[in-house]
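Line by line, the protein sequences are chains A and B.
Letter by letter, the first sequence follows residues 205 to 620 in our numbering.
Letter by letter, the second sequence follows residues 205 to 620 in our numbering.
Keep in mind that the hints are not guaranteed to be accurate.
It does not matter which identical chain is meant; a pair holds if it fits inside one copy or across any two.
[To be verified] Keeping only pairs whose Cα atoms sit at most 30 Å apart, straight-line, the calculated DSS-like set for lysine-lysine is:
{"#": "1", "residue 1": "620", "residue 2": "299"}
{"#": "2", "residue 1": "531", "residue 2": "437"}
{"#": "3", "residue 1": "454", "residue 2": "306"}
{"#": "4", "residue 1": "286", "residue 2": "385"}
{"#": "5", "residue 1": "531", "residue 2": "620"}
{"#": "6", "residue 1": "240", "residue 2": "589"}
{"#": "7", "residue 1": "620", "residue 2": "334"}
The hints are simulated quantities; they were obtained by calculation from the structure and are not laboratory data.
There are 2 protein chains.
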Amino acid sequence: MAQRNIVVGQSGGPTAVINSSLAGVVAAAKDLGYDKIYGMHHGIQGFLNEDLVDISEYVKDKNDIELLKRTPSAFLGSCRFKLPKIEGNEEIYDKIFEIMEKNEIECLFYIGGNDSMDTIKMLSDYAELKGKKQRFMGVPKTIDNDLPITDHTPGYGSAAKYIAASLKEVIRDNSSFGIEKPTVVVVEIMGRHAGWLTAAAALSRGEDCEGPDMIYLPEADFDMDDFMARVKKLSEEKSSVVIAVSEGIKLADGRFVCELGSASDYVDAFGHKQLSGCAVVLTNKIQSELGLKSRAIEYSTLQRAATHLASLTDINEAFTVGYLACKAADEGKTGMMVTIEVVNRDPYEVAYNIYDIHAIANVERPVPAEWIVNNGTDVSEEYVKYARPLIMGELTPMMVEGLPRHLVLNKSTYRK
Amino acid sequence: MAQRNIVVGQSGGPTAVINSSLAGVVAAAKDLGYDKIYGMHHGIQGFLNEDLVDISEYVKDKNDIELLKRTPSAFLGSCRFKLPKIEGNEEIYDKIFEIMEKNEIECLFYIGGNDSMDTIKMLSDYAELKGKKQRFMGVPKTIDNDLPITDHTPGYGSAAKYIAASLKEVIRDNSSFGIEKPTVVVVEIMGRHAGWLTAAAALSRGEDCEGPDMIYLPEADFDMDDFMARVKKLSEEKSSVVIAVSEGIKLADGRFVCELGSASDYVDAFGHKQLSGCAVVLTNKIQSELGLKSRAIEYSTLQRAATHLASLTDINEAFTVGYLACKAADEGKTGMMVTIEVVNRDPYEVAYNIYDIHAIANVERPVPAEWIVNNGTDVSEEYVKYARPLIMGELTPMMVEGLPRHLVLNKSTYRK
Chain A
205 MAQRNIVVGQ SGGPTAVINS SLAGVVAAAK DLGYDKIYGM HHGIQGFLNE
255 DLVDISEYVK DKNDIELLKR TPSAFLGSCR FKLPKIEGNE EIYDKIFEIM
305 EKNEIECLFY IGGNDSMDTI KMLSDYAELK GKKQRFMGVP KTIDNDLPIT
355 DHTPGYGSAA KYIAASLKEV IRDNSSFGIE KPTVVVVEIM GRHAGWLTAA
405 AALSRGEDCE GPDMIYLPEA DFDMDDFMAR VKKLSEEKSS VVIAVSEGIK
455 LADGRFVCEL GSASDYVDAF GHKQLSGCAV VLTNKIQSEL GLKSRAIEYS
505 TLQRAATHLA SLTDINEAFT VGYLACKAAD EGKTGMMVTI EVVNRDPYEV
555 AYNIYDIHAI ANVERPVPAE WIVNNGTDVS EEYVKYARPL IMGELTPMMV
605 EGLPRHLVLN KSTYRK
Chain B
205 MAQRNIVVGQ SGGPTAVINS SLAGVVAAAK DLGYDKIYGM HHGIQGFLNE
255 DLVDISEYVK DKNDIELLKR TPSAFLGSCR FKLPKIEGNE EIYDKIFEIM
305 EKNEIECLFY IGGNDSMDTI KMLSDYAELK GKKQRFMGVP KTIDNDLPIT
355 DHTPGYGSAA KYIAASLKEV IRDNSSFGIE KPTVVVVEIM GRHAGWLTAA
405 AALSRGEDCE GPDMIYLPEA DFDMDDFMAR VKKLSEEKSS VVIAVSEGIK
455 LADGRFVCEL GSASDYVDAF GHKQLSGCAV VLTNKIQSEL GLKSRAIEYS
505 TLQRAATHLA SLTDINEAFT VGYLACKAAD EGKTGMMVTI EVVNRDPYEV
555 AYNIYDIHAI ANVERPVPAE WIVNNGTDVS EEYVKYARPL IMGELTPMMV
605 EGLPRHLVLN KSTYRK
C-alpha cells in the first residue's frame, strides 16, 4: 500500500525558534496520521542530493519535542540556495518532483524567509504548470521581520527579546564607570535592509533603564556630521552613552557606513585587506575626533541563536504556524504561507490565516517611516506598542550540567 | 550617641554577581546592627570626594535584596583608581580616614580584584602605621579568576556559564551551514593575562555538543603557522569549525596577536588608525590565506554582565563572601580578604576562610601549565572538573514587560 509522507526543510539564517516550527510540522503530521516525516538535510540543496532524514528517529516523544523547541539554529541544517527560474531549468524541478514521488511525499514544507518563500512559489507554480498533485506550503521564519502580509515573523520576537535584554545589561555595565568621561558604546545589530531588529533596542527602556541614547535604522539616511555632533553633546552631558545601530546604515550617497572602514587599500601585517562593521568605524571616529573611549559591540550570531532567552510568545507562534501549515496542506492547500494576524494588541490576541505565496515571496517590508523619529535617531512609542507583546514570556531551558540542553541531529561536524 | 557605620565600595570591571556581594555586606551589616550602611559612589575615587550613598534608602527590604542579586554591573558605580604609595602621599590617606571619622565609619569593605585588594592592603597598612582603629576587609570579585589563595573568585562562575552556554548556541548556529565549506568562527574571550575565562569554552562539550575545535590561552605562546595549519586541516575534515581564543594571546616574541592587525600605519577613510581584536586579525588571515568564510565574535562586556544567565552557585558564594567579610570586620579582623576553599569538588562542598591581604594583593594566578594540552590548543579534563561545579544552578530573573528587572541607583546617566 502506498505511503503518505511529508518532507520539511529549513532554510536561510537560523533563528532561536526555527525548530519550534519544525516541531509544529512534526506534531501535526503525527496527529494527521502521515507515515513518514522526512527532513531535508540542509534544505532544498540537500534535498536535491536526496539527503533525507527520517525525523521520527530523532523526535520520538514529547520530551524530544520540548527539547527541539529549546534548540537554536536549524536542527535539520540550513542552506542558502535559490531555485533558478523554471524556463530552461526544468531538469532541476523534475528532479525535485522525482525525489518526492520516489519517496511518496505528498506535501513539502519550507521554513524560511523571503528567499525560502520564493522556493515555495516556484515549486507550486511548477506543480500547477505540470498538473502535479503535490502541495507546497511556506512557514514564515526570519529574525529580520521583513515578510509582508503577516503582522510579524516567528524568530523576530526572540531576537528582539535578546537584543533588549542584553542591551539592558550593556547599559548597566557602561553606567558603572564614567566618573570623569563617559565611554561611548556603539552596539551593532543585524539587519542589512530593514531596521526591525535595531528598533528592538527601544524595548530596553523602562522603569529601571533609560535605554539607548540613539537608535539608527537603515531605512533612514545616516548623517555622519549630525551623528558626531549629537555624540559630542551627549558625552558632555552624560556619564554613559550607548547607541544602537543597524549593520546596514548608509549615507545619503548610498555608501554603507561599514564600507568606510575599508575605504583605503589598507592591508594588515599579513598583507590582508581588513573589513569592519559599522560600529567599529563609528567607534574609531569617536575615539579619534572626540578623544573619548568608545567600544563597539556586535551581537553577531548570538542574537539569532539565543534560545536560552527566547520569547514564549514567539516559540508558541512558531510552533503554531508550523502546525497549521501541515494542516492546510493536508486539507489540499498549496502555494501559500501561514500568516499571523494580531486581532488585539493589548491584551494580545492573534489569529492565523493562510495567504497566496505570490504576494509574499521576494517582497521586503521595512519599518514604517512614521515610526522613525527625532531626525532618524530614534523609534516611536508606536513601535514599542507593536513589539512589546512579541517578547513576552519565557520557556525554562532544560539545564544539564549547568547549561541548556539541545536536541541535535549530529553532535560531530566531521564529515563522514 | 556615636553611630557605628560601615562603608562598602565596588571597584574594577563589573561582574554578573558583584551586586550579590554588595547584598551580602548589606545583609550582614543589618543583622549585626550597624546604623548606617554607606556606599561609595564610584569606589574609592568617589569616596575621596565624599560621594556617599545611604544604601538603606535603595535596599529597603528582602525583595530589593533579591533584585540586587539579579542586577549586573556595579550598583554603586565603579572606578579604576589605584592608591599611591603611602610615603609622600599621606594627605590622600589622611583624607580617607578623615572622611571615615567624620561619618563615624568603623569598617570599610572593597569588592574587587587584584588592584582593589591593593587598596585594602594600603589602607590597613596605613591604619596600623598610624594606630587607627578602623578595619578594612577585601571581598573577592573578578571574572578573570586570577586571585591567589582562594580556589576561585566570585564572578568567574557566571562568566564561565555565559561563555559556555553562548558557545553552545554559536556552535549550533554554525553547524547549520557548511554543506560545501565550513565557516570558521573565532570567538574572542576576555582575559589579557590569565586564560581562565577562555578555558570555560571547554565546558560547552557534552552529550549534545562537540565544543570548540581549539582553545587558545594567553599562558601558552601562540604559534601562528601551527594555528593556520590546524585550521586548514579542520576545514578540510569538518562542516563547522569553531575556535575560542583569549584576547591576550601572544606570539613567542611577545607581540600580542591583536597588535598584528594594526601593525602598519593604516588609517581609515577619516584618517584614523584602526584597532582590532585578535579574533578579527585571525579571521582576516583565514579568509585571505585559506579562502574560507570566517567570522569573528567578541563576547565583549556581555560576558561580565549577563546576570540573566548567572550561576546560582556563584551568586550564593558572592553573597556569602560579602556577608562574611562584614562579620569578620565586626569581630575585629582587618587587612584580610575572604577566600573560598573547595573541601570537596564532587559533590561540591566549600568552606570560607579569611586570609592576609599581603599575600593576595597584586598577585596574579595563571591557569596551571599542566592543564594546557595538545600543544597549547586545548585544556584538560582537570580544568573541566575544576570549573563544572562553579556554573551549576540558576536564579530565575524577575521578568517585567518581557525583560529582566534590575535595581538601579540612578536610572538616568545625565550628570546633575
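Do the hints match the structure? See the list:
1. 620 x 299: within (25 Å within a copy, 70 Å between copies)
2. 531 x 437: Neither, since 56 Å and 46 Å both go past 30 Å.
3. 454 x 306: neither (49 Å within a copy, 57 Å between copies)
4. 286 x 385: Classified as between: cross-chain Cα gap 18 Å, same-chain 50 Å, threshold 30 Å.
5. 531 x 620: Neither, since 36 Å and 60 Å both go past 30 Å.
6. 240 x 589: Close neither inside one copy (42 Å) nor across copies (43 Å); limit 30 Å.
7. 620 x 334: Answer is neither: 37 Å inside a copy and 73 Å across each miss the 30 Å cutoff.
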